[in-house]
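Same order as they appear, the protein sequences are chains A and B. According to our numbering, the stretch in the first sequence is residues 1 to 552, in order. According to our numbering, the stretch in the second sequence is residues 1001 to 1280, in order.
Think of the hints as simulated: they come from the structure by calculation, not from any bench. Please note: incorrect hints may appear among the correct ones.
List time: in silico DSS-like cross-link candidates among lysine-lysine, alpha-carbon distance up to 25 angstroms [what the hints assert, rightly or not]:
#1 K1124(B) to K55(A)
#2 K416(A) to K375(A)
#3 K375(A) to K1080(B)
Quick look at which bits of chain B chain A covers, simulated, 3 or more residues with Cβ under 8 angstroms [what the hints assert, rightly or not]:
#4 1122–1135
#5 1140–1148
#6 1175–1187
#7 1192–1202
#8 1225–1235
All C-beta atoms in this analysis are idealised placements derived from N, C-alpha and C, irrespective of residue type, glycine included.
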Amino acid sequence: MASLVKNLLLSACACALGAVSLPAQEEQKERATLSGSIQADILVPQEDKTIGAQKYNEWALANTYADLRLQSKYVDAGGRFEWNQFPLPGYEADFKGWGLGNFYTRAHWKNGTVTLGDFYEQFGSGFILRTYEERSLGIDNSLRGLHFAWNPFKGIALKVLSGRQRRYWEHNEAWVSGGDVELSLDEWIPSMSAHGRYLTIGGSYVNKYEEDEEIFVDATHRLNLPTLVHSFDVRARYQSGGWNLLAEYARKGQDPNFDNGYIYRPGYVAMLSGSYSQRGLSILLQAKRSDNMSFRSRRAMLGTSSMINHLPAFTLDHTYALAALYPYATNANGEWAYQAEFGYNFKRKTALGGKYGTTIKVNFSHVHAPAVEQKLLNGYMKGSDGYTSPFWSWGDEVYYQDLNVQFDKKLTADWKLNLMYMYQRYNKTAVEGEGGMINSHIIIGEAKWRISNKLTLRGEAQYLFTKDDEGDWAFGLLELSLNPHWMFTVSDMYNVGTTHNHYYQVGATYTVGAHRLQGAYGRTRAGFNCTGGVCRWIPATRGFTLSYNFNF
Amino acid sequence: MISTIRRQLAKVTTPSLQGRVRGGSVCVLFLCLLISCTGISEEERYIYMPPVQSAHAVLIEDFTGQRCINCPNAALEIEKLKEQYGADTIIAVGIHSGPLAVFSRGNVLGLRTEEGDEYYEHWKIEQEPMGYINRRGSLATPDQWGTLVREAIQVPTDLKFTLAPVKDSLDNKLHVHMIIVNGDPIKGRLQLWLTESKITALQMMPDGTANQSYVHNHVFRRSINGTWGEDYTAAEGEIRDLDFECELDETWNPENLAVVAFIESANGVEQVAESAIIIQ
């Protein structure tokens, strides 16, 4: 059945390509465009017992993607070829493979589109549906099926979809279906838009149909599993002047699964986000309460695959190496998360702004466990409601806390300085399973010197102070840019506290037109790579890396 | 504010559009009610399944680690299965392996072994706790073990094992005498392992605390006939009489040692047996 559906979809794609290419060659040449991209990341690994880099059977490991998109006035088609037969280290075992991982054909007209094949979608903030591709994490949870988007009237956007979710080189059996409606009230009320006020309200519904399976509680009882899991999301966004307010609430019905220990407690997430910005000033305040919101298209799945929804982390995604050493991963079982950010730009030619102005940014995030009281059924967790946890309950455990202050200053026409201080509390046990609380202070200095129009030198110095885990770390980097083609980088991350290991990297990047080639040699520390609260464990490696990107 | 919006909407929208908006609101309310009110009540959550006849002992390879906070829950699941099906039917081996396991170092008693790591790598374990039930199908989390054990014990087998592991009190050598009575012809591999129970050592617990007095049971210590065992081929009805020998580490307590023997074919584990060591 699955192969029949795949063949039908491939045939539809082929027909669409044919249908589009003919008029493209004859009448509508100017309307058909072909675009695409190639990305290849290669590692030639070497064993290094000092840092725990293991030996591989293959002399080279690579992740390669080639995208092709054909767009015309009414019909689009595209696909992605992936070659991950010998993947880079740290991806889940089923990531290995190669083939046509994604293909679609899409018809579109003035106010609607219909997509047949693989598609990505997000309803609201993604609390009940977010399908996306994130190659650094090995995530592609696209749906294969039918997607319909329509704007029937001014200010109304409708979406309806149904499909089966991709899990590496197969598609899960469960069907994921749903719809979303978004009303832009300001488009109906001229007085609102005339005064710069915008109000959007939205509602979504998603269900998962997954066949029954036998999950035993004891030798003679199995769970009566719900085959249909419902979820909904309601939200409102109001914008006026520099103010922006978003309130969103999502709820999921009974969904016993591996993540929650097969309990029948419904899940929910509530979020309030407010921001204010005007010239030179920005303020952001956010709060989120989630409870039992892991939503997968396969109830027995663990790891990073098969997620239907996405719970964003209310923590800053740091880019500096030591600030990102202990990144936080969202706890889908439940958390209280807060984030506040204040940014101010001291104007030029003031006491604090100096000749070129000064920017200061303060960010605070705190993620906390809610209080829970266990509630079993006949002495079993499986089949019970699991626990009780009032909305405002506050547990004893801190999952993560981060207070950072960033200071950006242009000193002269050629010199720029960034300074950062960060205090971090990272509950390694809650995120990684062991290790306790890691309290650290991090100081970072970055300087950029424009030597000439073609030559720029950038340097980073970072130090992390902690008595926990592996103790202190130091990091240094120098980067020389020779515009417009070359960039050379040398860096070292050194564990001062325990192992005294150096994680050095030496690399060069060459860019010409749409081509970018990067080569490097060095060591990479074992650790988590996180994006948006989703993390992947990367083992330690040493060796040559080569990356090639091409867009056309 | 809401009444203003309502008035403005009435001005700018057609009656049919207003009707659709009202219809949409009703739909959203209906969905909210559907999700909030529907569900399986506590009385309906368990489905009775008649007990099954045990035709087969089951091997649970429990990949575990002393730094793995969820692994004590897997050990509890094994104890529960032993209670339900009997200790002779459920034969567990805790293979401490991978990054969450600990090698012995200084005063720390670690239970990780290089052979365990080899199994961990071979089976491509990505997370612990994780288990193999009779090496059938794929790796499974402890939540699935109950289901897989119930399936596995119903698979008929005509293989019979008799194990007699003996340790001479004068030396540190273990002698294992094994008799295999074959039914159908079989081609596979025979594997013998040594396990130890009642080891008191560190274990990280689900609440994140370190329990220094945790008692570890059925811990994999070493293989007796090679990490991957040996080829085993037998004709129909053949009776095989086999002897094995291995060195015991002085730090192991012979009174808590046991031998686990199993034959694996392309269909998974065909039969498994366990016997405590007899000290003479």
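Practice problem: Quick one: which hint numbers does this structure break? Sort them smallest to largest. | Solution: Result: hints 2, 6, 7 and 8 break, sorted rising.
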